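With the hints in hand, could you dock these two chains into one complex?
Residue strings, one per chain:
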Amino acid sequence: MKADQDKELIRRVIQGDKNAFNLIVNKYKDKVFKTAMRMVRNKDDAYDITQEVFIRAYKGLKNFKGDSNLYTWLYRITVNNCLNFTSRDKFKTMASVADLTTPPVSSLTPESQLKESQLFEMLDEAIEQLPPQQRAVFIMRYYDEMTHAEIAKILNRSEGAIKANYFQAVKKLKTALKDVLGFQSKSGIVDGA
Amino acid sequence: MKCEDYKEKLLEIAENGADISSYPEVSKHIETCGDCRREFDELKALFGIMEKDKAREYEDTRLDSLVVDVNQRINNEEKTVRFDPKYFFSILTATAAAILILVMGTVNFTDTIPINNGYTYIYDDLTVSQLVEMEYVTDDLVGELYSEIDNESLTELEDYYLENYDYQNILSDLDDDELEYINTEITEKMKNIS
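Heads up: the protein sequence lines correspond to chains A and B, in order. The first sequence begins at 1 in this note's numbering and counts up one residue at a time. The second sequence begins at 1 in this note's numbering and counts up one residue at a time.
Next up, chain B with everything else stripped away, as it sits in the complex (with noise of 0.2 Å):
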């Protein structure tokens, strides 16, 4: 064997506090070898002050109240996912593009906007399929709004309508049942689409 397959065995032997004697064949080496018996020596030291080490106790008073931090912790948690900024953003995204929606619904296009039939996006990452999976836009309307509009981008669509109702303005005209009930509705499909 080398050194270094002899080393393996001497950080074996040194880890467990083994009596080398009980390996004759390492102990033979390390007696002519003084880089090995070094090594060995060094170990030995090395896992006698690991030893100790180990044998030592931890204490933090704080362990006897960590029950009380952790549900505190736990508590504020719940409360923040409850008014997490970009969760409450994302449904009022939701609210403001189904609103739009709704609106784009009663205007007639033709006359005014064109809309390109391979925009897919309509807001952020809601589709016109979700839509109507939110059955806010009905296949018809999709339909009509794909066969009478063409040639545009919704994006300018989307600007056109920002321009003329900003989504403060949109939700200030609803009032709270309104505002609640499409609140309500949009959650639970939003729940179900993600």
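Isolated chain A (complex conformation) (with noise of 0.2 Å):
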């Protein structure tokens, strides 16, 4: 149904229907950011490739052959933009606490909850610094919980590769963050998986 939709905003889109772009641009807006600020940790920065994503995505769609669904499609475009963007090395600056909404349910007190921000803080950091398909490749994987294949298939490279990837992307985090990982199995802040 919902393939359907957007096939049908697709088709008036091609027609010259402006408010059917207005439609898909409103209807996926939030995952397109989302996205975006998971990839480059910076709120003006995903605000623009956000914006870049559906410029591209009025201008493609001529050519949208439908051969996956729509948001496959602008996610693909995406992380497209987002890897060029940081090879550009316009990345700004870290985001900072005020750049996110509340954090999630959580019973922590002020305390705890400063420590659970400046976590996210170093999290942030760690993540910026890892090198642009590495960072892809493993917000893709732990974020969007895609498979090797299917992100192998985005990014055009080998199943092989992504692994890679992943590992050594896991492993830099782990380092970056080692003394807090310490810190934090100790203090019980974090539960553990």
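Bear in mind the hints are in silico, worked out from the structure with no lab data behind them. Possibly wrong hints are sitting among the right ones.
Derived DEER-like restraints, expressed as beta-carbon distance ranges [claimed, not checked]:
| no. | chain 1 | residue 1 | chain 2 | residue 2 | range |
| --- | --- | --- | --- | --- | --- |
| 1 | B | Arg38 | A | Lys18 | 56 to 62 Å |
| 2 | B | Lys54 | A | Ile14 | 18 to 24 Å |
| 3 | A | Glu121 | B | Arg38 | 31 to 37 Å |
| 4 | A | Glu150 | B | Asp176 | 42 to 48 Å |
| 5 | A | Lys7 | B | Asn76 | 25 to 31 Å |
| 6 | B | Glu4 | A | Tyr143 | 22 to 28 Å |
| 7 | A | Lys62 | B | Ser21 | 43 to 49 Å |
| 8 | B | Glu188 | A | Asn63 | 20 to 26 Å |
| 9 | A | Gly16 | B | Lys54 | 37 to 43 Å |
| 10 | A | Glu8 | B | Arg37 | 52 to 58 Å |
Derived pair list, reagent style DSSO-like, types lysine-lysine, alpha-carbon separation capped at 27 Å [unchecked claim]:
| no. | chain 1 | residue 1 | chain 2 | residue 2 |
| --- | --- | --- | --- | --- |
| 11 | A | Lys59 | A | Lys115 |
| 12 | A | Lys163 | A | Lys153 |
| 13 | A | Lys171 | B | Lys2 |
| 14 | B | Lys54 | A | Lys171 |
| 15 | B | Lys54 | A | Lys178 |
| 16 | A | Lys172 | B | Lys7 |
| 17 | A | Lys174 | B | Lys7 |
| 18 | A | Lys171 | B | Lys28 |
All of these numbers come straight from a predicted model, not from anything done at the bench. Beta carbons are placed, not taken as given, at the ideal position from N, Cα and C, and that holds for glycine.
This is the structure in structure tokens:
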């Protein structure tokens, strides 16, 4: 049903119906923004990328063959845009705590909330330090729960390379947060998996 | 299994938040291997943080006006394309090249400037054959050029005409209707060629 609705919207956009395009933007903007935010960890950059994604989509919809669903196609554009963005070294500033809305429901005390915010900051920084490809693979695999095969298809690489990228990304994150992780295990702020 | 093999399995278990006791062999290994135990503890702690990070929601009030911003940028880009200097220059170049050929057709080259038979490009990326397709140069005229003008490169020919008829002067000689006609024709032909 959803796919049919999207096909209908695409058909209308191709016929020049800008309102249909606006419906597509409103439907998928939050998802695109979230993916971009996770990837670049900065609100301004994520917003710019989100705009760019929909502009490219608008230009490319005429050539959209419908082999995949619309969101998969937008996701692919988003990832590629983020990769191009990070490789252009346009990364501006780290996401500040103010960039993030209220953390997930938590029973932490104010003191430990501060620690959690600091943890997120450190995590943002550690993710930012990952090479673009590793970062993309890690985000796609962990946050978006995609399989190695799906990621390989989107990034046009082998599954083996994706697995290696993911493994390396985790290893680097673990190293970057080593001191914190040791502290976390003892303090009990993080309950563990 | 070696520790490296276990570490891969430990990553999978920690990532999925699985209970290690469900993996007796791995569980038994980390009881006796300090390195792998430490590795597993760190992975569990890492994915503990990651799990919280995964649940973070991102909001930006600008998203409310994203549609407006995107449409504005699309409109701006469309305007920019219409006035793209590169595109404009290519039209101007094609116009000038066509005019050059027209002028060439009215001159007796035999007595003045020969042309090299092997010369292919007339101006930028326009070839004689493309100009023929554009119908500004007929097959007969090209044949005439090739047969009557020898041994000198067309560059010299161009230089000669550039000295005597610069583009601005050529264009200024045309009235508005002629200019519009040539522009329209060449734009259409260029589209077909590209």
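Here's how the hints hold up against the structure:
{"no.": "1", "hint": "B:Arg38 to A:Lys18: 56 to 62 Å", "result": "58 Å, holds"}
{"no.": "2", "hint": "B:Lys54 to A:Ile14: 18 to 24 Å", "result": "36 Å, violated"}
{"no.": "3", "hint": "A:Glu121 to B:Arg38: 31 to 37 Å", "result": "25 Å, violated"}
{"no.": "4", "hint": "A:Glu150 to B:Asp176: 42 to 48 Å", "result": "59 Å, violated"}
{"no.": "5", "hint": "A:Lys7 to B:Asn76: 25 to 31 Å", "result": "29 Å, holds"}
{"no.": "6", "hint": "B:Glu4 to A:Tyr143: 22 to 28 Å", "result": "26 Å, holds"}
{"no.": "7", "hint": "A:Lys62 to B:Ser21: 43 to 49 Å", "result": "55 Å, violated"}
{"no.": "8", "hint": "B:Glu188 to A:Asn63: 20 to 26 Å", "result": "24 Å, holds"}
{"no.": "9", "hint": "A:Gly16 to B:Lys54: 37 to 43 Å", "result": "40 Å, holds"}
{"no.": "10", "hint": "A:Glu8 to B:Arg37: 52 to 58 Å", "result": "56 Å, holds"}
{"no.": "11", "hint": "A:Lys59 to A:Lys115", "result": "45 Å, violated"}
{"no.": "12", "hint": "A:Lys163 to A:Lys153", "result": "13 Å, holds"}
{"no.": "13", "hint": "A:Lys171 to B:Lys2", "result": "18 Å, holds"}
{"no.": "14", "hint": "B:Lys54 to A:Lys171", "result": "18 Å, holds"}
{"no.": "15", "hint": "B:Lys54 to A:Lys178", "result": "20 Å, holds"}
{"no.": "16", "hint": "A:Lys172 to B:Lys7", "result": "15 Å, holds"}
{"no.": "17", "hint": "A:Lys174 to B:Lys7", "result": "13 Å, holds"}
{"no.": "18", "hint": "A:Lys171 to B:Lys28", "result": "23 Å, holds"}
Hint violations for this structure: numbers 2, 3, 4, 7, 11, all remaining hints satisfied.
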